[in-house]
Amino acid sequence: MCVTTVIDRPSAAKGYRDRRTPGAPRCRTNASAGHGCATPRTRFGKGLAILGTTVLALAGFAGGAQAQDRVLSLGGSITEIVFALGEGDRIVARDTTSSFPPDVENLPDVGYLRALSPEGVLSVEPDLVLAEEGAGPPETIAVLEAADIPFIMIPDGYDRTAIRAKIEAVAIALDVQDKGAELADTVDRSLADAIQSATVAGPKRVMFILSMQGGRILASGTGTAADGIIEMAGAENAVTSYEGYKPLTDEAVIAANPDVILMMDRGGDHAVDTSALFSHPGLALTPAARTQAVVRIDGLLLLGFGPRTPKAVLELSEALSGAG
Amino acid sequence: MTATTEDAMKQEGRGNTLAGDRQHRARLAMTGLTGLLIVTSFASLQVGAAESSFLAILATFLSGNEVTLTDRVVLLDIRLPRLTLGVLVGASLAVSGAVMQGLFRNPLADPGLVGVGAGAGLGAISAIVLGASLPAGLALALGNYAVPLAAFLGGWLSTLVLYRISTRNGRTSVAVMLLAGIALGALAVALSGILVYMADDAQLRDLTFWGLGSLAGATWAKVAAALPLILAALAVAPFLARSLNGLALGEAAAFHIGVPVQRMKAIAILTVAGATGAAVAVSGGIGFVGIVVPHLLRVSIGPDHRYLLVNSAILGAALLVAADMISRTVIAPAELPIGIVTATLGGPFFLWVLLRNRNIMDL
Numbered sequence: 001m002c003v004t005t006v007i008d009r010p011s012a013a014k015g016y017r018d019r020r021t022p023g024a025p026r027c028r029t030n031a032s033a034g035h036g037c038a039t040p041r042t043r044f045g046k047g048l049a050i051l052g053t054t055v056l057a058l059a060g061f062a063g064g065a066q067a068q069d070r071v072l073s074l075g076g077s078i079t080e081i082v083f084a085l086g087e088g089d090r091i092v093a094r095d096t097t098s099s100f101p102p103d104v105e106n107l108p109d110v111g112y113l114r115a116l117s118p119e120g121v122l123s124v125e126p127d128l129v130l131a132e133e134g135a136g137p138p139e140t141i142a143v144l145e146a147a148d149i150p151f152i153m154i155p156d157g158y159d160r161t162a163i164r165a166k167i168e169a170v171a172i173a174l175d176v177q178d179k180g181a182e183l184a185d186t187v188d189r190s191l192a193d194a195i196q197s198a199t200v201a202g203p204k205r206v207m208f209i210l211s212m213q214g215g216r217i218l219a220s221g222t223g224t225a226a227d228g229i230i231e232m233a234g235a236e237n238a239v240t241s242y243e244g245y246k247p248l249t250d251e252a253v254i255a256a257n258p259d260v261i262l263m264m265d266r267g268g269d270h271a272v273d274t275s276a277l278f279s280h281p282g283l284a285l286t287p288a289a290r291t292q293a294v295v296r297i298d299g300l301l302l303l304g305f306g307p308r309t310p311k312a313v314l315e316l317s318e319a320l321s322g323a324g
Numbered sequence: 325m326t327a328t329t330e331d332a333m334k335q336e337g338r339g340n341t342l343a344g345d346r347q348h349r350a351r352l353a354m355t356g357l358t359g360l361l362i363v364t365s366f367a368s369l370q371v372g373a374a375e376s377s378f379l380a381i382l383a384t385f386l387s388g389n390e391v392t393l394t395d396r397v398v399l400l401d402i403r404l405p406r407l408t409l410g411v412l413v414g415a416s417l418a419v420s421g422a423v424m425q426g427l428f429r430n431p432l433a434d435p436g437l438v439g440v441g442a443g444a445g446l447g448a449i450s451a452i453v454l455g456a457s458l459p460a461g462l463a464l465a466l467g468n469y470a471v472p473l474a475a476f477l478g479g480w481l482s483t484l485v486l487y488r489i490s491t492r493n494g495r496t497s498v499a500v501m502l503l504a505g506i507a508l509g510a511l512a513v514a515l516s517g518i519l520v521y522m523a524d525d526a527q528l529r530d531l532t533f534w535g536l537g538s539l540a541g542a543t544w545a546k547v548a549a550a551l552p553l554i555l556a557a558l559a560v561a562p563f564l565a566r567s568l569n570g571l572a573l574g575e576a577a578a579f580h581i582g583v584p585v586q587r588m589k590a591i592a593i594l595t596v597a598g599a600t601g602a603a604v605a606v607s608g609g610i611g612f613v614g615i616v617v618p619h620l621l622r623v624s625i626g627p628d629h630r631y632l633l634v635n636s637a638i639l640g641a642a643l644l645v646a647a648d649m650i651s652r653t654v655i656a657p658a659e660l661p662i663g664i665v666t667a668t669l670g671g672p673f674f675l676w677v678l679l680r681n682r683n684i685m686d687l
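In the order they appear, the protein sequences are chains A and B.
Residue numbers are given in this note's numbering: position 113 of the first sequence equals residue 113, and the series is strictly consecutive.
If you want this note's numbering, it's the position in the second sequence, counting the first as 1, plus 324.
So that you can see chain A by itself, here it is in the shape it has in the complex (with noise of 0.2 Å):
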């Protein structure tokens, strides 16, 4: 290992100058999130990122000693959190979950936040890496240490005090907690709000499907960020009996009886269309066919747990007041 050399990176301001690419329009703040599902087509990692349940110690930053001009999102909530601050300009890459604000597309992709290759992340000379919780693997961590790059892990989670933990953290990271204090205050308020009012109509027991593959049922049991939506959102996870997600019998799906299913918002074609989700034997005999209650929403959006979350608490109960 060679960890001694002092950091001599003459090719940093060449990248420097390339990041001001003049063209790419920049997100200041969530003010952009006003319309609905604006990301034109949510990938499946990008829901699959979010469901880490464990709390990772912020891993140690020696913070303030310069301004990281260079900063690697890896995880779609962490990106938008940067956004949100106002920090978006000091991004030069991101994973492949990252898709929001939509103009992060145009950033150069360094793979699955869980599958990153040394390489590729060294390539994007960042000077900070800002990840999710859950990234990896090890391997590559390893080497990004002995480059003398800090990598700073985002604990993760799914309740209130967790986007508000996640919105401080990445603030301190980019040495703007004054910045990082009012976004959490704001989104905290606002998602207050949102849980407050968020009340839906009668008790609405939602399964929360994340894929249909070969007629299988992979729902979300509990401790998962959907569950967290869902119960922020006024309803109730109808499937409890586990954490995380399983595929569910054809008498499993009728035992939980959900009067509405929730999934992600895939857009085009690969989205499950409703006549094929309802034919499932198991899902034909639910409450939610026989009123052919289907919600989908942007899986970013719905389960980033990020600045956004308020307008997915309001969008999914009311979506869920208006089905079933």
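Please keep in mind that the hints were generated in silico from the structure rather than gathered at the bench.
Even for Gly, the Cβ is constructed at its ideal location relative to N, Cα and C.
Treat the hints loosely; a few may be bogus.
Unchecked claim - To give a feel for the contact side, a few chain A residues facing chain B, derived at Cβ under 10 Å:
{"hint": "1", "residue": "A93"}
{"hint": "2", "residue": "T96"}
{"hint": "3", "residue": "D109"}
{"hint": "4", "residue": "V110"}
{"hint": "5", "residue": "V124"}
{"hint": "6", "residue": "E133"}
{"hint": "7", "residue": "P137"}
{"hint": "8", "residue": "T140"}
{"hint": "9", "residue": "A142"}
{"hint": "10", "residue": "A147"}
{"hint": "11", "residue": "D148"}
{"hint": "12", "residue": "G223"}
{"hint": "13", "residue": "Y245"}
Got chain A; can you put chain B on it based on the hints?
For chain B alone, kept in the frame of chain A given last:
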């Protein structure tokens, strides 16, 4: 001189020409392939997602200037271990495939047949899923090596079990081994399925990426772990060549011409299990190399194991290094799983070779 002896002499002469010709082609192939390996190795050090170039770094170093930390990390901690691992794994997969095909006298044989693949998979899945419930001290001591270690143990153990099952009165039945290998493989897959069901989401994603196979996690520690087993296998393989040639006549015939059939089978199986177990442990499941490389060589230089084994090692290494180079540059800074590269490039090429040589394709 009678006509018969004349014929016999002619025939012998032709035999010699054929042997000489093959020997010549094998030597030529060896030189060519070694060159190919050297070129691909250099290229793989030279290119990558990062801009660092091997030659530029070398020039900087030789002129006494300070090499930047990024360049050093890219070259010494990323590309070099990755190249080394690619050479080792490629050589080991190809030689293991060649030995297995010779041993089972079956063109489809590969290390997967003796349960190494399924066993190693089960080991890796166990480590990923059950690793969390290990005692904290043990888990800490094993660290990132728990998965490769478990994969190796799984592969090795399943091979040992299979060997015991198919050996009676000191004779190993190849037929029993093939069938029992399929049964054991199915069992390992079933057990893996149970573990997959128990896995949580994060573990499921780890499992997916392990299964795809990649050299992306190459570290010197992994190289050091795989090196002894793979080198041992590569060193033993040439001594098996004559016996494998004899075995091509059938076991009984091989025994009568003096091949120590039983001992040779034991050595071959355990060597292959060790090498493949080590390769699978450090790089996940990379398919295709073990089948394609030996067959390509059989078509071009003939089935003589004395040349086949060594050429398989070199071509396997060059092929995997080249495939890895493609996998890490084509969608840089992200990476394509190497299995996708070997299959999309190798598949059509192999089919083309098959179509051209349909009449001579044999062991």
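Q) If you take the shortest Cβ to Cβ gap from D148(A) to chain B, is it below 10 Å? A) Since the shortest Cβ distance to chain B is 6 Å, the answer is holds.
Q | Supplied contact hint for V124(A), tested at 10 Å Cβ to chain B | A | holds (6 Å)
(Q) Holds or violated: the hint that V110(A) contacts chain B, with Cβ atoms closer than 10 Å. (A) holds (5 Å)
Q | chain B contact restraint for G223(A) - C-beta distance below 10 Å | A | holds (9 Å)
Q: Using 10 Å as the Cβ threshold, decide whether A147(A) counts as touching chain B.
A: Nearest chain B Cβ about 4 Å off; hint holds.
Q: Report holds or violated for the interface hint on D109(A), using the least CB-CB distance to chain B and a cut-off of 10 Å.
A: Holds, about 6 Å.
**Q.** Hint status (Cβ of Y245(A) to nearest Cβ of chain B, threshold 10 Å)
**A.** holds (6 Å)
Q.
The hint names A142(A) as touching chain B; please verify it with the least Cβ-Cβ distance against 10 Å.
A. holds (7 Å)
**Q.** Cut-off 10 Å, beta-carbon criterion: hint that T140(A) touches chain B
**A.** Interface hint status for T140(A): holds (8 Å vs cutoff 10 Å).
Q) Does the interface hint hold: is P137(A) within less than 10 Å of chain B, judged Cβ to Cβ? A) Holds: closest Cβ of chain B sits about 6 Å from P137(A), inside 10 Å.
Q) When the nearest CB of chain B is found for A93(A), is that gap smaller than 10 Å? A) holds (7 Å)
Q. Can the hint on E133(A) be confirmed by a CB-to-CB distance to chain B that is less than 10 Å?
A. holds (9 Å)
Hint compliance for this structure: no hint is broken.
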